[in-house]
Amino acid sequence: MLSTDTQSGKSVEANVKGWLPKPSEDIIEYAADFTVPNDFGKPGAVIITNHHYKEIYLVQIVLHGFFSGPIPFPANSWIHSRNDNYDSRIIFKNQAYLPSQTPAGLRDQRREDLLSIRGNGKGERKMFDRIYDYAPYNDLGDPDKDLTLARPVLGGSQQWPSPRRCRTGRPPTKSDPNSESRVEKPDSFYVPRDERLKEVNKQSTNTSSIATGRLKEVLDDLLPQITASLPSLNIAAKIAPSASEKLPKDQTPTVLQKDIFAWLHDQEFARHTVAGNNPFSIKLLKEFPIVSKLDPEVYGAPESALTKEIVEAEIKSMSVDQALAGKRLFILDHHDMLLPFIEKMNSKPGKKAYASRTIFFHTESGTLTPIAIELSLPDAEKRVFTNGHDSTSEWNWKFAKAHVCSNDAAVHQYVNHWLRTHGSVEPYIIATHRQLSSMHPIYKLLHPHMRYTLETNANTRQNLIQGGGIVEASFSTGECGMELSSAAYDTMWRFDMEALPADLLRRGMAVEDPAALCGVKLVREDYPYAADGLLVWSAIQEWVESYVNHFYTDAEEVKSDAELQAWWSEIINKGHCDKRGEAWWPDVDTNEDLSRILTTIIWVSSGHHAAVSLGQNPSAGNLPKRPTLVRKLIPRQDDPDYENFLENPHSFFLSALPPPPPATTKVNAIPGSVPDHSPDENFLGGFDPLNSYWVSDPQVMKISKRFASRMEEIKEIINARNKDPNLKNRTGAGVPPYEPLLPRLGPGAQNRGIPNSVSI
Numbered sequence: 001m002l003s004t005d006t007q008s009g010k011s012v013e014a015n016v017k018g019w020l021p022k023p024s025e026d027i028i029e030y031a032a033d034f035t036v037p038n039d040f041g042k043p044g045a046v047i048i049t050n051h052h053y054k055e056i057y058l059v060q061i062v063l064h065g066f067f068s069g070p071i072p073f074p075a076n077s078w079i080h081s082r083n084d085n086y087d088s089r090i091i092f093k094n095q096a097y098l099p100s101q102t103p104a105g106l107r108d109q110r111r112e113d114l115l116s117i118r119g120n121g122k123g124e125r126k127m128f129d130r131i132y133d134y135a136p137y138n139d140l141g142d143p144d145k146d147l148t149l150a151r152p153v154l155g156g157s158q159q160w161p162s163p164r165r166c167r168t169g170r171p172p173t174k175s176d177p178n179s180e181s182r183v184e185k186p187d188s189f190y191v192p193r194d195e196r197l198k199e200v201n202k203q204s205t206n207t208s209s210i211a212t213g214r215l216k217e218v219l220d221d222l223l224p225q226i227t228a229s230l231p232s233l234n235i236a237a238k239i240a241p242s243a244s245e246k247l248p249k250d251q252t253p254t255v256l257q258k259d260i261f262a263w264l265h266d267q268e269f270a271r272h273t274v275a276g277n278n279p280f281s282i283k284l285l286k287e288f289p290i291v292s293k294l295d296p297e298v299y300g301a302p303e304s305a306l307t308k309e310i311v312e313a314e315i316k317s318m319s320v321d322q323a324l325a326g327k328r329l330f331i332l333d334h335h336d337m338l339l340p341f342i343e344k345m346n347s348k349p350g351k352k353a354y355a356s357r358t359i360f361f362h363t364e365s366g367t368l369t370p371i372a373i374e375l376s377l378p379d380a381e382k383r384v385f386t387n388g389h390d391s392t393s394e395w396n397w398k399f400a401k402a403h404v405c406s407n408d409a410a411v412h413q414y415v416n417h418w419l420r421t422h423g424s425v426e427p428y429i430i431a432t433h434r435q436l437s438s439m440h441p442i443y444k445l446l447h448p449h450m451r452y453t454l455e456t457n458a459n460t461r462q463n464l465i466q467g468g469g470i471v472e473a474s475f476s477t478g479e480c481g482m483e484l485s486s487a488a489y490d491t492m493w494r495f496d497m498e499a500l501p502a503d504l505l506r507r508g509m510a511v512e513d514p515a516a517l518c519g520v521k522l523v524r525e526d527y528p529y530a531a532d533g534l535l536v537w538s539a540i541q542e543w544v545e546s547y548v549n550h551f552y553t554d555a556e557e558v559k560s561d562a563e564l565q566a567w568w569s570e571i572i573n574k575g576h577c578d579k580r581g582e583a584w585w586p587d588v589d590t591n592e593d594l595s596r597i598l599t600t601i602i603w604v605s606s607g608h609h610a611a612v613s614l615g616q617n618p619s620a621g622n623l624p625k626r627p628t629l630v631r632k633l634i635p636r637q638d639d640p641d642y643e644n645f646l647e648n649p650h651s652f653f654l655s656a657l658p659p660p661p662p663a664t665t666k667v668n669a670i671p672g673s674v675p676d677h678s679p680d681e682n683f684l685g686g687f688d689p690l691n692s693y694w695v696s697d698p699q700v701m702k703i704s705k706r707f708a709s710r711m712e713e714i715k716e717i718i719n720a721r722n723k724d725p726n727l728k729n730r731t732g733a734g735v736p737p738y739e740p741l742l743p744r745l746g747p748g749a750q751n752r753g754i755p756n757s758v759s760i
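Letter by letter, the sequence shown follows residues 1 to 760 in UniProt numbering.
One thing to keep in mind: the hints can contain errors.
What the hints assert, rightly or not - Quick list of in silico lysine-lysine cross-link-like pairs, DSS-like style, CA-CA up to 30 Å:
hint : residue 1 : residue 2
1    : Lys126    : Lys293
2    : Lys174    : Lys185
3    : Lys126    : Lys174
4    : Lys283    : Lys559
5    : Lys42     : Lys122
6    : Lys398    : Lys344
7    : Lys348    : Lys145
8    : Lys574    : Lys174
9    : Lys351    : Lys185
10   : Lys327    : Lys521
To be verified - Just the calculated beta-carbon pair ranges, DEER-fashion:
hint : residue 1 : residue 2 : range
11   : Met701    : Ala31     : 23 to 31 Å
12   : Ala720    : Leu505    : 24 to 32 Å
13   : Lys42     : Ser175    : 44 to 52 Å
14   : Asp641    : Thr307    : 51 to 59 Å
15   : Glu512    : Pro177    : 49 to 57 Å
In short, the hints are calculated from the structure, not lab data. If you're wondering where the values come from, they're calculated on a predicted model, not measured in any experiment. Every residue gets a Cβ at the ideal spot worked out from N, C-alpha and C, and that includes glycine.
My request is simple: use the sequences and hints to build the entire structure.
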C-alpha cells in the first residue's frame, strides 16, 4: 500500500488470505491485513502482484481501519499472473486528480502506470497484455488464403485515409509485407485484456454467449441477404437448426407488423429518411441546378439530369424557386460518394448498382414524398424516374426506389455506422488509455463510454467486414465497402461536424436560433431523429459542462494540463493522423473547448450509435422495403430483359432482390438475431456503482443524478411525441413510434435505451 505522502512511503507487503474459490461463485471477498506506522498518512494506491498461475478479475479493494472510514480503490480489471508478466499492477484510490494536483507520493506511480500501458510498438501482443497502440487497417484482407481476398491497407496513404485501430503486432502475410496476417476462430484478434467482455453470470449467461449475441446483433440487418448472396455456402443450413423454423413476430420489422403493404408506399420510403436507421443523410435542397463535385474529365458533365421542369411537373402547386425559398425540397444524394465505385461494383456477378439522387417534397400534410429519382452510371448515363400514371412507369419507380435503398444501405452501414461511430471512436479510446491516468477526471468521465468498443470492433474486423466476409457479400458495394468508408473519411468526415447541432446545420436541416434548444431550430419539426437527438445532446452538454467546470476552475488549468493536452494531440496526430493537417480541429484552451469536444465524443458513442444501430430491425428488416443489394439494372426498351419485365414485372422485380422468402425465414429465425442489449449493458444516464469511478465525489454524484433525472424527463417527452397525432412520421395508421433514442436506465424492451458506448 502506498501513501499519498512521500515521507511515509510503502506499507509492509501483505498476503491475501485464502485461495481461489469455485468458479461458479459470482463475487468473492478476500481479506488481507496491512501493518502501517502511525505517521503513514492517507492511502493513495495499492500495488498488487498475482502469484497464482491464472489471471484474476479484481472488482475493487476497500480499506478499513482508518479514521476517515472505508476507502474504496475501484479496479474492474484483470490482474495478470506473474507467470505471464513479472510486473505488478497499481490500483489508485477512488479520487480524481488533475496532474498538477497529484499527491507527491503518487506522481511517479501515475507516470509509470501510463508508460506501462503504451508499450514500445514492437512484437506481437499477447492476450493477457493491456497495451494500447495504433495500427492502420492492414488486416482486412487474406491474400495468403486467396489473392482475390487481398484488400488495400486503409490508413497511412493519400489514396486510402482512415482512423487507426488498436495495434495487434501479428506477423505480415507472405503475399504482402504491408498486410498483417489473420487468425481465425476459435482464436480471437487481440484487444487489451480489460476491453474483453466481462463474465456475467446472469440467467446462465456467460462471456461466450454474450459475445455470440453481440455478433448476431451486428448481423441483424445483414442476415436476410446472406443466403442469396452466398448460395453455394448454404449458410442458412449451417446457422439455422431447422428449415421448419418460422419468423417470430417480434423479429418482423415493426412497420410490417402494422402494415404488410408498407414497403409499397412512397410515404414510408420517405419517412425512412428521417425516422429510419439512416436519418443522417437527408439534406435541404438549396439550389438548382444540382451539380456534382466530381472531376468532369473523369465522370462527365457535372449537372444533374434532375431539372426544374421535371420537379415542377411533379409538385405542380409552385415553382422550384418558390419551393426552395419555402424550404420544401429535400435531397438524398449518394451520387458523388458512390459513382467512383460503380464500375467496380457492377463488374461482380449478381450485383448491379447506380449512383442515386432522390428529391423529396414537403407536402401540405406535413410529410415528405419522393418526386424524382436520378440513377447514374459512370459512362455519363443519367436516367430520371418519376411515379408515372401507367403500369410500366410505376414498376420502374419501384425498381428505382429499390436501387436508392441499396445505395442508402451501403452509406448507412459503411459511413454513418462503421466510420462515424465504430471507426472514429477507437482512436479516442486508445488515446484516453495512453495519455490520461485512471486518476484523471476526464478519464473517469469517458470510461463508461469506452466499454467493449475495442472488442466489438475487433470482432467486426474478424467476422464481418473482412475480405470475402458477410458484409461484402450482403451489399451492392461488395469488396468496395471499406474503400467507400475510406473515401467518406477523406471527403466528408470532420470532428467538428460530428456534433449533432453542427451536422444539422451543415445539412441544412436546421438554422441557427439562439433562443432554441442547442441554438438551432429544425427546418421541419417532424424529424424524429433530430428532434429527439437534440434533447439527448442538450442533456449530455449540460452534464459535461457541469463536470468540466467542477474540476477546472479556469482556462489556464485546461491549457496547463499536460495529460489533457497530450491526449488531444495524440487523437489528432496519431489516432486520426491522416487528417492531422486540417484547420477544423478545435483547440483545447478553455473549459468551453473541452466541454464541446467531450460532448461530441460522448454523443457519437451513445446517441448517434443508438440511432444508427438499434433501429436496424424495426425499420429495415424487410428486403423489398430496404434491400441492401440489387441484382439487376432497370431494363431499357432495347435490353434483352425488357420483354420479360413487361410480361411479369412483379416476378422480374423480385428476381432482382435477394433472397427468396424461405431463406429469409430460416436465417432470421436465429435466436437473438434481433438487436438487444447485453445483460450487463450500461445506459446513458444510468448509474452502476461497480463501473462508475467518481462515487467518492459528492458534487459529481449530484451532477450525475441531475443528468439521470433529465434523461427520465426526456423519456416522457419522447413517449408523448410518439402519441402526438400531429407528428406523422412517428404516429398514424401503420406507423411505428420512433424509439432508438428513448432513454432507459435499466433492463427493459429491446431496441430501447441508449447504450453508453459503441458496444453492439
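For each hint, the structure was consulted:
Taken as a hint, the Lys126 and Lys293 pair is broken in the structure, with Cα atoms around 46 Å apart against an allowance of 30 Å. For the proposed pair Lys174 and Lys185, the alpha carbon gap of about 20 Å is at most 30 Å, so the pair holds. With a C-alpha separation of about 22 Å, the suggested pairing of Lys126 with Lys174 holds against the 30 Å cut-off. Between Lys283 and Lys559, the direct Cα distance comes to roughly 37 Å. Violation of the 30 Å bound is thereby established for this hinted pair.
About 39 Å separates the Cα atoms of Lys42 and Lys122, which puts this hinted pair outside 30 Å; it is violated. A threshold of 30 Å between alpha carbons decides the hint, and for Lys398 with Lys344 the separation of about 25 Å falls inside it, so the pair holds. For a cut-off of 30 Å, the pair hint linking Lys348 to Lys145 stands: about 20 Å separates their Cα positions. Our distance criterion of 30 Å between C-alpha atoms is met by Lys574 and Lys174, whose separation comes to about 27 Å.
Restraint check for Lys351 and Lys185: satisfied, since their Cα atoms lie roughly 29 Å apart, inside the 30 Å limit. Distance check on the hinted pair: Lys327 and Lys521 sit about 13 Å apart at the alpha-carbon level, within 30 Å; holds. At about 28 Å, the beta-carbon gap between Met701 and Ala31 stays in the expected band of 23 to 31 Å. Distance hint for Ala720 and Leu505: a CB-CB separation of about 27 Å, consistent with the stated range 24 to 32 Å.
Against the hinted window of 44 to 52 Å, the Cβ-Cβ separation of Lys42 and Ser175 comes to about 58 Å, which falls outside the hint. Hint check: Asp641 to Thr307, Cβ distance near 28 Å, so the stated range 51 to 59 Å is violated. For the pair Glu512 and Pro177, the beta carbons lie near 51 Å from each other, so the given range of 49 to 57 Å is met.
Hints 1, 4, 5, 13 and 14 from the list above are not met by this structure, while the remaining hints are.
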